[in-house]
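Make a model of the complete structure from these sequences and hints.
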Amino acid sequence: MAGRMVVGSAALAELVRPASAPDPAGGHRVLPVRAELTGLLPNRGLRRGSTVAIGAGQPRHSGATSLILALLAEASRAGSWCAVVGVPTFGAGAAAEAGIALDRLALVPHPGPEWPTVVAALIDGVDVVVTAVPTTVAASVATRLAARARQRGSVLVPYGRWDGADVTLQVVRGVWQGLGPGRGRLRRREVTVSARGRGAAARPKEIKVWLPGDELTRVIPRASGAGVPSGTAPARRLRVVAPAVGR
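Final position of the sequence shown in the working numbering is 688; the numbers increase by one with none missing.
Hint data in this document are derived by calculation from the structure and do not stem from the laboratory.
A quick note: this is a predicted structure, and the numbers were derived from the prediction, not measured.
It is possible that part of the hints are untrue.
To be verified - Using C-beta positions, here's what the derived DEER-type ranges look like:
1. Val471 to Thr584: 22 to 28 angstroms
2. Arg624 to Ala579: 49 to 55 angstroms
3. Thr558 to Arg624: 47 to 53 angstroms
Think of the CB as a built atom: it goes at the ideal place given N, C-alpha and C, for glycine as much as any other residue.
In structure tokens, the structure reads:
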């Protein structure tokens, strides 16, 4: 896998400029998601300017990362730029398998104390910005970032507790499959994803999907059959962005 390390605030500016250029998605007001997830979102996709939170769940790695991958994949395939901030365990290999274009993916694993500045800069030019929510984030900072996303037409995806999101998605239950009596390998997980929010998303919803499943996700029918995960997508270029260090 080819990769390029980009460091500093100048690197963020260089990233935002090409990300802001016209893209194949055509600036549509709703970015696509996998068909299996459309029923959880009020606009059946990621509406530009909205905030779609991902609940971390208990424990924190309860399927939220797989849900993030599923949420980003279709928009990325359609030409959108995506960024992931503050999630050092977010894997480029898993992103590539999910169908996310690595040449349009920016990673900022450790934003440090400049987290609000980094997220705001990415909102200015990136279509979908996923960010882990610091435990000490002030409500005023969260409000400003959500307002900035509305103004810029970006989709803000906070990972963790975030009051006031348009919709919050969370994996509430999950069962792994693949292990037999004394042997086997974990292949995929049957998960239940809940959605709650405000306005058009005020009515709670739940669906069951495979994460991962055939290609990426699949709604589980009432009499579910076995499925085989597809092959790995080809890897592409990856940009890793680190914040500037104050001097």
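Hints and how they fare:
For the hinted restraint 22 to 28 angstroms between Val471 and Thr584, the CB-CB distance of approximately 23 angstroms keeps it satisfied. Remark: the range hint 49 to 55 angstroms for Arg624 to Ala579 is upheld by a beta-carbon distance near 50 angstroms. Judged by the Cβ atoms, the range 47 to 53 angstroms given for Thr558 and Arg624 holds: they are separated by roughly 50 angstroms.
The structure is consistent with each of the numbered hints, conforming to all of them.
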